[in-house]
Amino acid sequence: MHSPSLNSLSNKGLIWRGNTSPIPVEQKEEKLSTGFDKIDALLNSNGWPSGDVIEVLISQPGIGELSLFTPWLKRASQDKKVAFINPPFIPNATLLELQGIESQQLWLINTSSEKDALWAQYQCLKSGLCCAVFMWHPVKADMANTRKLQLAAKNSNTLGIAYRSEKAANQSTLFPYRMHLKSNKDEIEVRFLKRRGGWETRPIAISTQPNKSQFRRLAEHQPTLSAL
Amino acid sequence: MWMAFYFPQLSLEALDTNGCGNATALINRQKSKLILCNQQARATGLKEGMSLSLAYTLNPDLQLREKDARAEWEQLEILALCLNQFSATVCISPPRAILIEVATMLQYFGSVSEIENKARQALNTWSENYIIGFAKTGKLALWRALSKKPLLPDKQWQNLDEEVWIQDILIKHLDWSSKHIQRLQGMGFNTLNSLYRLPTSLLRRHLGVGLYTQFGQALGLIKEPLTPYHAPETFKRERLFEYEVESTLALLFPLKSIIQSMCLFLQRRRQWMYAFEITLTLAWSTNKAETSPVIRIQHDLGSDSAPLWLELTELKLTRLTLTAPVRSMRVDIVKMEQSEEESGDLFNNFQQQTRDQNLFISRLQARLGEQSIQTPKLTNEHLPEQAMRFLSVSLIEQKAKGGSSLRKLSRNNDLAHRPAWQTKKPEQITPNQFQILEGPERISSAWWLNNNAVHSSRRDYYIARWFDGRKAWVFRNDLGTWYLHGWFG
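Line by line, the protein sequences are chains A and B. The first sequence finishes on residue 228 if you use UniProt numbering, and the numbering steps up by one all the way, no holes. The second sequence finishes on residue 489 if you use UniProt numbering, and the numbering steps up by one all the way, no holes.
No wet-lab data here; the hints were simulated from the structure. Check the hints yourself; a few may be wrong.
[As the list claims (entries may be wrong)] Distance ranges between label pairs, derived from CB positions:
#	chain 1	residue 1	chain 2	residue 2	range
1	B	Q352	A	A144	54 to 60 angstroms
2	B	Q435	A	L42	32 to 38 angstroms
3	B	T125	A	S59	55 to 61 angstroms
4	B	N287	A	A144	37 to 43 angstroms
5	A	L9	B	N287	41 to 47 angstroms
Even for Gly, the Cβ is constructed at its ideal location relative to N, Cα and C.
Here chain B stands alone, though its shape is the one from the complex:
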């Protein structure tokens, strides 16, 4: 048994027009007529086939769009991926339908109505307007959806007669050309049942080879040429904006649907994404390199969660300033890998802690920049400013390193005389600013590596009382110049 989903508003839904709440219609530029209207447009009295001048008279705020075949196909692919969770056999039936085979899934889901309920819940994110049809073949299921007669079958569906399957289907609703439909209606054939009662030879003569084959396929007498849909290896999306976008936050609206589609793609392919890039095409730029700025969004632990990627994208975009309006946008996955199945352990929250920590780091890096969060790495250098280096936090590196670097340290008693705060750079001072309390402690570095003639590789450090009472860590270099290098805070 097959289940068909027909999406009458697919052409508009593919253009992301539903969320804006405006009256929108598709037009045929050559004929200057409306092809398709959304609900808001219909509410103002517009309908398909209406001329453009009349439409603008009824609704001066009407927004017009043109059909985008690529966007429609991408929308069909996403719907197919969404419905893939209910059946292994999902077929795209252009231009606006998806067929899924459900007979083999009845044992798992229990009943056809259960599959229908779950499918409706899953489709909520992707489409608001769709019609469902059931039948023993894909073609007939589509016809039932087109005629808005779903015929929900019971458990004994295998015993149903062919006449029951095709009852109540009017020929005028079928996806046949209007010329053929008018000819058949002219001969008095209004329903599929009236055609079914004809002898085969007569039926063939009235329908012609093409329609006769379709009729045969619908009844299951001829094998349907259905090709199951398989998700592609990778995911990319391009959007050419109708108007130039001047604010980064305005990019969020189209990005939301793209990221949701991307995460659905990842979930179906059982992949985790680690980074993706948004390439913008600017309207103009004085610098050639800046005509296509690339925004990279990454999360080191990987995820297929749309809310997480949306949050990181929003954080990144709030910090970005556009030098020129954006004309188009491309989204590509940079890195994705097979997702790992995790074993749950009620008494070990380490995995959860690692996940939380990495999400936190990604969040901070997305808003504040890659180098915004750093952790110190201790080295065996002698000069204080070289003894620790602050590196960008990478959780994976930390895990690999493990343990403490305490073993590398030596001369601990000397370190008892070191300050808690260190200045970012040694700051030149004058001797009358302090009074020496303890010292000196000589610290030398490898003179052959030293390129900094100002601070010198040989220093005599002192603990000194600053003029305002604080305890300072100061040093004098070979040239006799004094520097402040820390506070005993």
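So that you can see chain A by itself, here it is in the shape it has in the complex:
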């Protein structure tokens, strides 16, 4: 189960393919989708870009910034960890497990200082053990540190998600992706300020409400109260 499959080696470009026809559509969607078609259409990588750090600008935590990544994490976290470094709140492991992200794949890392937090972020990104590393950065970010984090993510093919206050929108960073999130009732407005292979985009409305059918599918395998 943990040995590298031909597909994973092929995705890393380690296998030369005689037939260069694209991967079948069904397989592509299953493996590489972000879970949101509108975002997939904007990202040329067809999925959240592993190997890069995405900077997510938010007005305040709790507007849907985690739900945006959970569909992708369901598949990515099967053999790798998801690290949260100094999150402002506790991730709801019960909910995440029902969404297909096993609780034992979650790491919650707490540090006492900003310096240690940065060190832990770098270690998590560098190790290659995590599929995604969730980080919370201050408004004022250090260029040298962001560069180090981006290089670590690139070398280990890990997705870094750096949340920052939208007050930092006027500051430039070295991260190749930059998104601005805005809460709009049951939806969030996602606007890419910076992305690979494309220009700044207009805001797109994304619904991150839990899909109840997903829970029902899980419920079929579990004892209900009436059954007990």
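Since the structure of chain A is provided, determine the placement of chain B on it from the hints.
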């Protein structure tokens, strides 16, 4: 055939003085004279036997140390462990030599020069100054090393005459007392060959019983009383500092050599270490319990790798603040077990992944603390803050547990209305901060276990629109007080 390694600078090397790069010398306090000088000291014109006043005149920055018999023995033990990989028979020949039997290992290594090359590579970490000697007996090999005439034998070494083995060895180089050497030189005996030509009775009369026995042992006529060295069951080291150490990072320098020795000990005994402790003795403390702080360094998968343990130690020490200067330090192995032989599988990287993961966890815990990295454990409790507990990550536990805890969950449709973020504690709010969208959902816990009167065991949860547009998860307890408990983030 035997191979002897003579370490002329052993007394200084045992005191960890080589790495500092300063001119250092050992002194005899009673006679106020230098006993031994390192290379830097020699470069400034110092030499053994020089008086202390003259030495300071030549080099005012000279650092003086005294002999430490225990440190010398520990250094000899480490050198013996290091050379143990080339022969099963390794003997310590105090005060400054190691003898190894190599005739039985020639078939494995191919030639004596091959053994010599490999031994030189292995000794690089432990000593810079040593002289090698070969001979058919241990004693004679040591004499060849002392006289700096190694005599590298060829494949036909078994046919060599005794006179060839002892040629070119001057009596003045031997480990005999200066009184005996002077007496023999006074009689005209300068080489071992000149003694060898004497008739036995005359030789015995000139040498006396002690030296005659040594001569006989060197020639192989009398059996040598050599005891093979066996590594002890455990490893511990103590260092008494000459000066009080005020910074934790300054402890790294002596710790480096100790950890390297410890890992060599583990490798030779085929053991993996899981944890070791550094006990510091502080110069003073207001609290009795804090006079000897203990630093524990651990790695759950175990290892005998010195770079790994050094890295973990450095990470741990960078976080430590000393309340007082350190006078001495003791290092003890807390837990070690027989190392496991692993079977290699090119197509299964699970073992490697487990190793990497555990190393990563150890690294984080060493720098950030034992509780710094946690993973959630789901329970069957109803109250949200009790439904998951964050425990310190232990890979071994996870492996034992295995599988998913999804089966334990129930009421999945209700959980669709739960937030992605949960606040660390319920935070009291006022009703005018939000507007209710959905609810209520009653959640009750075992009232007889509830000790928290503020949050109550019976709660009515609502999904609410926060005044700034966010979706919040709030509840009201029996007393009618409202609390914020999560965000639909």
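Checklist entry - Does 54 to 60 angstroms hold as the CB distance between Q352(B) and A144(A), or does it fail? => result Hint violated: Cβ distance 32 angstroms, outside 54 to 60 angstroms.
Checklist entry - Per the hint of 55 to 61 angstroms, is the separation of the Cβ atoms of T125(B) and S59(A) within bounds? => result holds (57 angstroms)
Item to check | Distance restraint hint 41 to 47 angstroms, applied to the beta-carbon atoms of L9(A) and N287(B) | outcome: Violated: the Cβ-Cβ distance is about 58 angstroms, outside 41 to 47 angstroms.
Item to check | Outcome for the supplied range 32 to 38 angstroms, where the beta carbon pair is Q435(B) and L42(A) | outcome: About 33 angstroms separates the Cβ atoms of Q435(B) and L42(A), which means 32 to 38 angstroms holds.
Checklist entry - Does the Cβ-Cβ separation between N287(B) and A144(A) fall within 37 to 43 angstroms? => result holds (41 angstroms)
When held up to the earlier numbered hints, the structure conflicts with 1, 5 and fits the remainder.
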